[in-house]
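*Asks:* Spelled out from the first residue to the last, the chains are:
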Amino acid sequence: MGMGIASRERIAKRAAAEIQAGMTVNLGIGIPTLVANFLPASMHVMFHAENGILGTGPSPSKGQEDANLCNAGGEPITVISGASYFDSTTAFGIIRRGLVDITVLGALEVSEQGDLANWIVPGKKVPGMGGAIELAQKSKKVIVLMNHVSKNGQPKIIKTCSLPLTAPKCVDLIITEMAVFQITEKGLLLLEIMKPYCLEDVIDNTAANFVISKKLKTI
Amino acid sequence: MGMGIASRERIAKRAAAEIQAGMTVNLGIGIPTLVANFLPASMHVMFHAENGILGTGPSPSKGQEDANLCNAGGEPITVISGASYFDSTTAFGIIRRGLVDITVLGALEVSEQGDLANWIVPGKKVPGMGGAIELAQKSKKVIVLMNHVSKNGQPKIIKTCSLPLTAPKCVDLIITEMAVFQITEKGLLLLEIMKPYCLEDVIDNTAANFVISKKLKTI
Amino acid sequence: MKVVTLEQVLEVIHDGITVMYGGFGGVGSPPTLIAGILQKGVKDLHLIGNDAGFPTIGIGKLISQGRAKSLIASHIGSNPVAGKLMTEGKLEVEFSPQGTLVERIRSGGMGLGGILVDIGIDSIITNNKDIVTVNGKQFLIEPALTADVSIVYAKKADTYGNLVYDKSARNTNPLVAMAGKVTIAEVEEIVAVGKLDPEEIITPGVFVNMIIKSQGVDWKWVWE
Amino acid sequence: MKVVTLEQVLEVIHDGITVMYGGFGGVGSPPTLIAGILQKGVKDLHLIGNDAGFPTIGIGKLISQGRAKSLIASHIGSNPVAGKLMTEGKLEVEFSPQGTLVERIRSGGMGLGGILVDIGIDSIITNNKDIVTVNGKQFLIEPALTADVSIVYAKKADTYGNLVYDKSARNTNPLVAMAGKVTIAEVEEIVAVGKLDPEEIITPGVFVNMIIKSQGVDWKWVWE
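Going down the list, the sequences are from chains V, A, F and H. Quick note on the working numbering: the first sequence kicks off at 1 and runs consecutively. Quick note on the working numbering: the second sequence kicks off at 1 and runs consecutively. Quick note on the working numbering: the third sequence kicks off at 1 and runs consecutively. Quick note on the working numbering: the fourth sequence kicks off at 1 and runs consecutively.
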């Protein structure tokens with residue numbers, strides 16, 4: 001994402017604060033993967049992997065990798081107590097059935113209604129939708145972690161997505177290096193501003209209407 | 001079926017002769033269950049049970065029954081080497097996929113085209129179709145074991161079934177206490193007559209046209 | 001905490017709800033849960049399961065006592081009381097072929113809308129079922145089934161709800177376990193999280209909401 | 001005898017056939033079989049699997065070498081060569097959402113005509129897909145997928161073809177194993193019939209036609 005490690009970790013840490021004990025959580029590739037590092041070790045959270053695991057654990061130490069134990073991104077992992085293996089239909093059954101409490105993923109664009117575009121750039125990048133579409137459409141809570149603006153400095157939080165949608169009206173929370181937005185029935189609600197950014201920065205870099213929460217915090 | 005044990009065993013034994021090593025076979029309740037008793041012990045046949053077993057074995061000795069190991073009829077069984085347990089969707093996946101080589105079942109009526117009626121007597125017996133419909137429609141070879149005539153002496157092999165069909169044009173072989181018929185593209189072919197019955201008995205008790213095989217045997 | 005008492009379980013069982021049950025011919029239907037539901041005295045239940053059990057075994061107990069308003073099953077041949085109630089108009093019965101029924105249950109559990117099958121398309125009366133052509137072949141549209149409450153029987157559960165079944169008592173249980181808005185597992189043994197091998201788990205615990213210890217199975221009678 | 005040599009396996013692999021492959025991001029795709037198919041030099045294959053692997057890992061090897069005419073997958077992001085071939089019109093690609101794709105494969109393997117899903121119904125372009133209303137909700141009709149040959153990777157097989165998988169290398173393999181007219185399993189270890197616990201078997205041997213011993217997996221590179 002071309003973002004400094006400190007910003008990436010800060011975003012991941014903020015996302016981790018949304019997770020509660022006992023939840024079933026899917027972390028996408030990129031910054032979302034870092035979220036697990038910011039949970040208390042004692043917190044029992046079941047991380048879900050689309051290939052067919054419920055209960056993934058931290059990365060193995062070097063030399064301890066198992067070629068047959070990877071997450072959906074192909075990275076070697078471990079499993080925690082209570083984990084189970086199954087085939088990919090069950091992995092997606094869990095998703096479609098609405099049993100994933102939180103999914104954390106990246107985005108190219110998010111609209112003020114919570115529409116998500118994260119899978120295709122027509123004429124440029126047509127990689128296929130993978131499993132993001134199921135996660136976005138069916139998870140109880142969808143959290144987007146992303147840069148506030150694109151590489152070209154264009155706002156990624158916009159009135160209406162210009163790219164093909166992964167799923168409409170699915171995003172619940174957007175966390176960037178600049179701000180945290182909740183998406184409500186009425187649209188975007190600015191909850192938090194990340195230092196050193198100020199409200200003006202957020203306004204300048206967001207191409208959508210938003211309401212400022214009465215409980216706005218700067219963190 | 002109101003048939004003597006000797007006749008039942010004779011029918012079962014004749015059906016057993018259709019089974020070859022390596023086959024996947026489903027035996028219905030009643031006479032079909034007896035078929036397994038007439039196979040050489042050394043012959044490796046995989047018996048399939050709709051509840052979720054491939055590789056059922058003989059009945060356990062008294063006192064050795066396992067409440068959690070039954071066939072589809074609820075009778076206690078054992079399993080042979082190479083057996084596997086699975087849920088009922090896989091059991092029927094095996095059937096629908098056409099992987100059952102032979103299914104052996106009972107019938108109320110069979111038509112000369114091989115239509116099978118074995119599940120419903122309108123106004124009398126409406127028990128539901130269970131899994132017979134899948135077995136009849138999808139098995140590579142369907143063998144019907146039954147009395148040649150009904151309790152009232154009415155022929156059960158008839159031109160057109162009067163009862164609702166389980167599946168049309170599915171029966172390949174009919175074995176009764178009187179005769180063995182093959183069902184070909186052209187209709188019924190009388191292959192064998194069971195002693196002490198003679199051709200006239202078969203003609204008198206069969207309400208359908210049939211051709212007599214050039215290789216007709218009396219057994 | 002998912003491990004609860006029978007009393008706690010019964011708090012979610014009410015008149016008129018849809019209850020899906022595991023088991024095949026009584027084998028693998030959760031006896032303690034069924035006895036508890038019977039004792040609670042709920043009525044007008046909408047039942048979904050493979051068969052009607054036997055008059056005093058499995059789900060048959062509830063049906064024989066007139067607690068069910070409707071039943072979706074593949075056959076009721078082993079429970080003559082069910083047949084009698086159906087004939088008298090006291091029990092509404094919908095039949096599905098056995099393999100179609102379990103796929104309908106699975107598709108409910110998997111969050112699908114249903115499946116396409118060609119079973120019965122040219123024989124059994126298709127009761128207003130829609131027919132579609134896919135890849136040049138005709139199929140029936142068979143809608144998914146779900147339930148307010150699913151009750152299943154398993155050999156072992158850990159406290160997270162991961163389930164391991166035993167031999168042919170597995171049958172429809174793993175499918176039913178996924179299809180309930182609330183899924184209750186009656187198990188022979190409850191173990192600590194971590195005591196089950198991740199490879200042996202058939203039903204991931206995320207599908208299971210409540211676990212009770214079984215007071216013992218009751219389906220041996222078939223051969224006794 | 002189901003246990004065969006690679007040479008015997010390759011006799012069923014011909015130009016223009018449909019080959020379905022297990023694996024997820026290269027992990028669990030049968031390396032020995034893929035290398036053999038590559039070496040045989042067949043072309044115009046119609047491939048079906050979760051993804052396009054990596055350029056030199058998994059099914060990616062065949063795709064990168066231009067052996068595939070078409071591909072049905074959920075994404076090709078990990079194999080830039082596949083993207084290039086698609087853009088150049090040399091590889092026809094059909095995308096299915098990941099969960100829909102595996103259900104389509106499973107339904108082929110289970111002898112169903114397809115499934116109903118609501119995934120993507122209000123977002124991704126639905127390309128002439130039929131829509132049906134079931135229980136008041138709209139669903140896409142997603143047709144079943146089958147193949148002339150399915151190739152899978154497993155940890156163990158007995159000589160009857162019963163398969164046991166290993167951890168997350170299970171992924172799509174049990175589904176693909178059911179969907180081939182001919183299914184070929186590449187396994188780490190071949191054991192005698194009776195050496196596998198009936199409870200641990202994931203794919204019943206009746207679905208498996210040929211078994212070869214693996215010459216070792218090749219997908220560690222992702223993190224090396």
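Since the hints were made in silico from the structure, they are not lab data. For clarity, every value in this text was computed on a predicted model and none was experimentally measured. Mixed in with the good hints there might be a few duds.
[To be verified] Below, in silico cross-link-like pairs of lysine-lysine (DSS-like), each with a Cα-Cα straight-line distance of 30 Å or less: (1) V:62 to H:220; (2) F:213 to A:140; (3) H:156 to H:137; (4) H:195 to V:124; (5) F:43 to H:84; (6) H:220 to F:156; (7) H:43 to H:90; (8) F:40 to F:213; (9) H:156 to V:169; (10) A:125 to F:69; (11) A:140 to H:181; (12) F:2 to A:125; (13) A:169 to F:43; (14) V:169 to V:215; (15) V:140 to H:181; (16) H:129 to F:129; (17) H:69 to F:137; (18) F:213 to A:62; (19) V:62 to H:84; (20) A:140 to H:2; (21) A:124 to F:84; (22) F:84 to V:169; (23) A:169 to F:137; (24) H:90 to A:169; (25) F:84 to A:151; (26) V:125 to H:156; (27) H:40 to F:69; (28) F:155 to H:155; (29) A:186 to F:137; (30) A:125 to F:156; (31) V:141 to F:2; (32) F:69 to F:129; (33) A:159 to F:137; (34) V:140 to H:129; (35) F:181 to V:140.
*Asks:* Regarding the pair residue 140 (chain V) and residue 181 (chain H), is the alpha-carbon distance no greater than 30 Å?
*Replies:* violated, 39 Å
*Asks:* Check the hint pairing residue 84 (chain F) with residue 151 (chain A) against an upper bound of 30 Å on the C-alpha distance.
*Replies:* holds, 23 Å
*Asks:* Does residue 129 (chain F) lie within 30 Å of residue 69 (chain F) when you go C-alpha to C-alpha?
*Replies:* holds, 23 Å
*Asks:* Next pair to validate is residue 90 (chain H) with residue 169 (chain A); report whether the Cα-Cα distance is within 30 Å.
*Replies:* It is violated: about 46 Å lies between the C-alpha atoms, which goes past 30 Å.
*Asks:* Is residue 156 (chain H) close enough to residue 137 (chain H), meaning Cα to Cα at most 30 Å?
*Replies:* violated, 43 Å
*Asks:* Just to be careful, I want the Cα atoms of residue 2 (chain F) and residue 125 (chain A) compared with a cutoff of 30 Å; is the pair within it?
*Replies:* violated, 43 Å
*Asks:* Under the criterion that the straight-line Cα-Cα distance not exceed 30 Å, is the pair residue 62 (chain V), residue 84 (chain H) satisfied?
*Replies:* violated, 34 Å
*Asks:* Given the hinted pair residue 140 (chain A) and residue 2 (chain H), is their Cα-Cα distance within 30 Å?
*Replies:* holds, 21 Å
*Asks:* Quickly compare the C-alpha distance for residue 125 (chain V) and residue 156 (chain H) to 30 Å and report which way the hint goes.
*Replies:* Given pair residue 125 (chain V), residue 156 (chain H) is violated - Cα atoms ~39 Å apart, limit 30 Å.
*Asks:* With the threshold set at 30 Å, check whether the alpha-carbon distance from residue 43 (chain H) to residue 90 (chain H) stays at or below it.
*Replies:* holds, 12 Å
*Asks:* Given the hint that residue 220 (chain H) pairs with residue 156 (chain F), test it: the Cα-Cα distance must not exceed 30 Å.
*Replies:* violated, 35 Å
*Asks:* Can you confirm whether the C-alpha distance between residue 125 (chain A) and residue 156 (chain F) stays at or below 30 Å?
*Replies:* violated, 39 Å
Consistency note: the structure conflicts with the earlier hints numbered 2, 3, 4, 5, 6, 9, 12, 13, 15, 19, 22, 24, 26, 27 and 30.
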